[in-house]
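A.B. asks: In case you want the letters, here they are:
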Amino acid sequence: MPIAIDHVSKHFGAFKAIDDVSLTIDDGTFVTILGSSGCGKSTLLNMIAGLLFPTRGRLMLDGRKVTEPGPDRVVVFQQPGLYPWLSLRDNIAFGLRMQSSAKAINWQRVDELIEIIGLRGFEQHRPYELSGGMQQRVAIARALVMAPRVLLMDEPFGALDAQTRHMMQQFLLDLWDRIKATIVFITHDIDEAILLADRLVVMSARPGRIALETNVPLERPRHWDMSLEPAFLALKRQAMDILSA
Amino acid sequence: MAGSSANEVNTEISAIQADENFIADPAITPSAWRHVSRLTTFLVMLATLFVWQIVSDLHVFPPIALPSPIQVWRAFLRILLTGYGGHSLLGDIWVSSVRISIGFVGAVIIGVPVGLMMARIKFIFRIIDPFLQFVRPVPPLAYIPLLVVWFGIGELPKILLILIGTIPVIIIGTMSGVKATPPLRLSVAKTLGASESQIFRHVILPSALPEIFTAMRVGIGVAWTCLVAAELIAASEGLGWLVQFAGQALQVAIVIVGIIMIGILGYAMELLIRLVERWAVPWHGKG
Ligand SMILES: Nc1ncnc2c1ncn2[C@@H]1O[C@H](COP(=O)(O)OP(=O)(O)OP(=O)(O)O)[C@@H](O)[C@H]1O
Ligand SMILES: [Mg+2]
Numbered sequence: 155m156p157i158a159i160d161h162v163s164k165h166f167g168a169f170k171a172i173d174d175v176s177l178t179i180d181d182g183t184f185v186t187i188l189g190s191s192g193c194g195k196s197t198l199l200n201m202i203a204g205l206l207f208p209t210r211g212r213l214m215l216d217g218r219k220v221t222e223p224g225p226d227r228v229v230v231f232q233q234p235g236l237y238p239w240l241s242l243r244d245n246i247a248f249g250l251r252m253q254s255s256a257k258a259i260n261w262q263r264v265d266e267l268i269e270i271i272g273l274r275g276f277e278q279h280r281p282y283e284l285s286g287g288m289q290q291r292v293a294i295a296r297a298l299v300m301a302p303r304v305l306l307m308d309e310p311f312g313a314l315d316a317q318t319r320h321m322m323q324q325f326l327l328d329l330w331d332r333i334k335a336t337i338v339f340i341t342h343d344i345d346e347a348i349l350l351a352d353r354l355v356v357m358s359a360r361p362g363r364i365a366l367e368t369n370v371p372l373e374r375p376r377h378w379d380m381s382l383e384p385a386f387l388a389l390k391r392q393a394m395d396i397l398s399a
Numbered sequence: 139m140a141g142s143s144a145n146e147v148n149t150e151i152s153a154i155q156a157d158e159n160f161i162a163d164p165a166i167t168p169s170a171w172r173h174v175s176r177l178t179t180f181l182v183m184l185a186t187l188f189v190w191q192i193v194s195d196l197h198v199f200p201p202i203a204l205p206s207p208i209q210v211w212r213a214f215l216r217i218l219l220t221g222y223g224g225h226s227l228l229g230d231i232w233v234s235s236v237r238i239s240i241g242f243v244g245a246v247i248i249g250v251p252v253g254l255m256m257a258r259i260k261f262i263f264r265i266i267d268p269f270l271q272f273v274r275p276v277p278p279l280a281y282i283p284l285l286v287v288w289f290g291i292g293e294l295p296k297i298l299l300i301l302i303g304t305i306p307v308i309i310i311g312t313m314s315g316v317k318a319t320p321p322l323r324l325s326v327a328k329t330l331g332a333s334e335s336q337i338f339r340h341v342i343l344p345s346a347l348p349e350i351f352t353a354m355r356v357g358i359g360v361a362w363t364c365l366v367a368a369e370l371i372a373a374s375e376g377l378g379w380l381v382q383f384a385g386q387a388l389q390v391a392i393v394i395v396g397i398i399m400i401g402i403l404g405y406a407m408e409l410l411i412r413l414v415e416r417w418a419v420p421w422h423g424k425g
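In the order they appear, the protein sequences are chains A and B. For what it's worth, our numbering labels the leading residue of the first sequence as 155, then goes sequentially. For what it's worth, our numbering labels the leading residue of the second sequence as 139, then goes sequentially.
Since the hints were derived computationally from the structure, they do not count as laboratory data. As the structure is a prediction and not an experimental result, all values here were calculated from the model. A hint or two may mislead.
Under 7 Å between C-beta atoms, here's a sample of chain A residues computed to sit facing chain B [said to hold, decoys possible]:
{"no.": "1", "residue": "ALA203"}
{"no.": "2", "residue": "LEU205"}
{"no.": "3", "residue": "PRO223"}
{"no.": "4", "residue": "GLY235"}
{"no.": "5", "residue": "GLY249"}
{"no.": "6", "residue": "MET252"}
{"no.": "7", "residue": "ALA256"}
Estimated spans, in silico, between C-beta atoms of each pair [stated by the list, open to error]:
{"no.": "8", "chain 1": "B", "residue 1": "LEU228", "chain 2": "A", "residue 2": "ALA256", "range": "44 to 52 Å"}
{"no.": "9", "chain 1": "B", "residue 1": "PHE272", "chain 2": "A", "residue 2": "GLN278", "range": "46 to 54 Å"}
{"no.": "10", "chain 1": "B", "residue 1": "PRO420", "chain 2": "A", "residue 2": "GLY192", "range": "33 to 41 Å"}
{"no.": "11", "chain 1": "A", "residue 1": "ALA256", "chain 2": "B", "residue 2": "LYS424", "range": "19 to 27 Å"}
{"no.": "12", "chain 1": "A", "residue 1": "GLY312", "chain 2": "B", "residue 2": "ALA185", "range": "52 to 60 Å"}
{"no.": "13", "chain 1": "A", "residue 1": "GLN278", "chain 2": "B", "residue 2": "PRO251", "range": "52 to 60 Å"}
{"no.": "14", "chain 1": "A", "residue 1": "GLN278", "chain 2": "B", "residue 2": "ILE247", "range": "44 to 52 Å"}
Note that beta-carbon positions come from the ideal geometry of N, C-alpha and C, so glycine has one too.
All chains should be modelled from the sequences, with the hints used to inform the complete structure.
C.D. replies: So this is what it looks like as structure tokens:
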């Protein structure tokens, strides 16, 4: 069942952050939302997460109105937001720990994910002993371990350097091929938005509106070489025109 | 993530760090500079003692008003071995230590839960806050006469004074620790399905710990001040009493010994809390 955003507006006082946005996100799709800074991307994502609520319109998940956050829609924020008093392993298990006692946790799944994010041997490290890229991978693993139906990602690679960023994008692409969750991925990087997405949403600012919603006509599995293909470049041109308008 | 701890101003720690990181001459490596800086401290202390000795040897002031360091050292040995005014020095140190331990631990045991509840439950905040606002601007020492009239000069008034002085510091530090929990940490827990009480126990409480410890470090200073003041005015033993009793007998060397003991003990208690803090909050300033 899909996420249905139905004529949603969000106002902060007199300021219209989101204005009349409608969007349907099908199960198992990788959607990227592209937009310049301040156009309301985070606001939209936080409403899907259940951390913020629409001023007008309806936001439905599986036909039910979103009224609170839930572990079926885990968020990866722009900052890792790890808990410094917990080890890497306990950070990843945090969500599971909230659902059950420490003994009932499926530690095997936790350790599998540590393997997947390539941090074997760092299990007992504290977050402040890890690099920014490592921390962000932990934050992703912490979300994935919940096996969420929907993974909401708010510029998760925004704070990383170009090299690490590319690595993480490839990591996410490979991962998604395995887990096939619904991913809503926010970014202000055009290349990233096109490379990752099945479906690309471009937002315009003040007020935040959807300016373009389209399929990305590229094969999977994706790779960075594809950013030179004509289909990629055509889409990029289209998105650039909207963002610079 | 830097959130809560970043805006804490701990003058003492930052002073130390500034000292260790400060490199005046780029040719001197940091570790070499640290040696120089340690040596400087040592030399300054030595020089101070030296000047003090000379000044008192020259009888610039009457010897009874300014005994030399050597005389102070002798007085220290004398009261350590044979005592003064019917008590041994160790006895006075012990009495003061027990009083402050009971008072301070009591203040933490009461102050932290009260602060947590006040930060969490508006109703409780409204009940307790007026008292807090009233007690806070009054210097704790102003309560001494009242406490003496009510409770005499036994142990109770001294411990009460420590509680009155220290609890507000702990409560306010705890509340501000709770309020300073970075919103991101809360959002993360919410989206991972944590309940309100789980968020409090697993996110807010550990987030508040660094500020609680900062409050404890401030609090131990306040507690010590309260205790010594109470002992000065109304006591028959303890370091404050020692200073007061020796002062009345014009035994200035013993007064100085007492003051140095009070200083060393106060510093030792702060160090002890720092040690516990490093063990309990190893992420402080790194999170
Ligand atoms: N709590 C709030 N109160 C008032 N205004 C807000 C609030 N949150 C967001 N806004 C405003 O809404 C607009 C959209 O904010 P939002 O955080 O969604 O932008 P964004 O697209 O995520 O930007 P960025 O790429 O910089 O993260 C901004 O202009 C911001 O000032
Ligand atoms: Mg944002």
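A.B. asks: Compare the structure with each hint and give your call.
C.D. replies: Hint check:
no., hint, result
1, ALA203, "6 Å, holds"
2, LEU205, "6 Å, holds"
3, PRO223, "4 Å, holds"
4, GLY235, "4 Å, holds"
5, GLY249, "4 Å, holds"
6, MET252, "4 Å, holds"
7, ALA256, "12 Å, violated"
8, B/LEU228 / A/ALA256: 44 to 52 Å, "47 Å, holds"
9, B/PHE272 / A/GLN278: 46 to 54 Å, "48 Å, holds"
10, B/PRO420 / A/GLY192: 33 to 41 Å, "38 Å, holds"
11, A/ALA256 / B/LYS424: 19 to 27 Å, "25 Å, holds"
12, A/GLY312 / B/ALA185: 52 to 60 Å, "56 Å, holds"
13, A/GLN278 / B/PRO251: 52 to 60 Å, "31 Å, violated"
14, A/GLN278 / B/ILE247: 44 to 52 Å, "32 Å, violated"
Going through the hint list in order, the structure does not satisfy hints 7, 13, 14.
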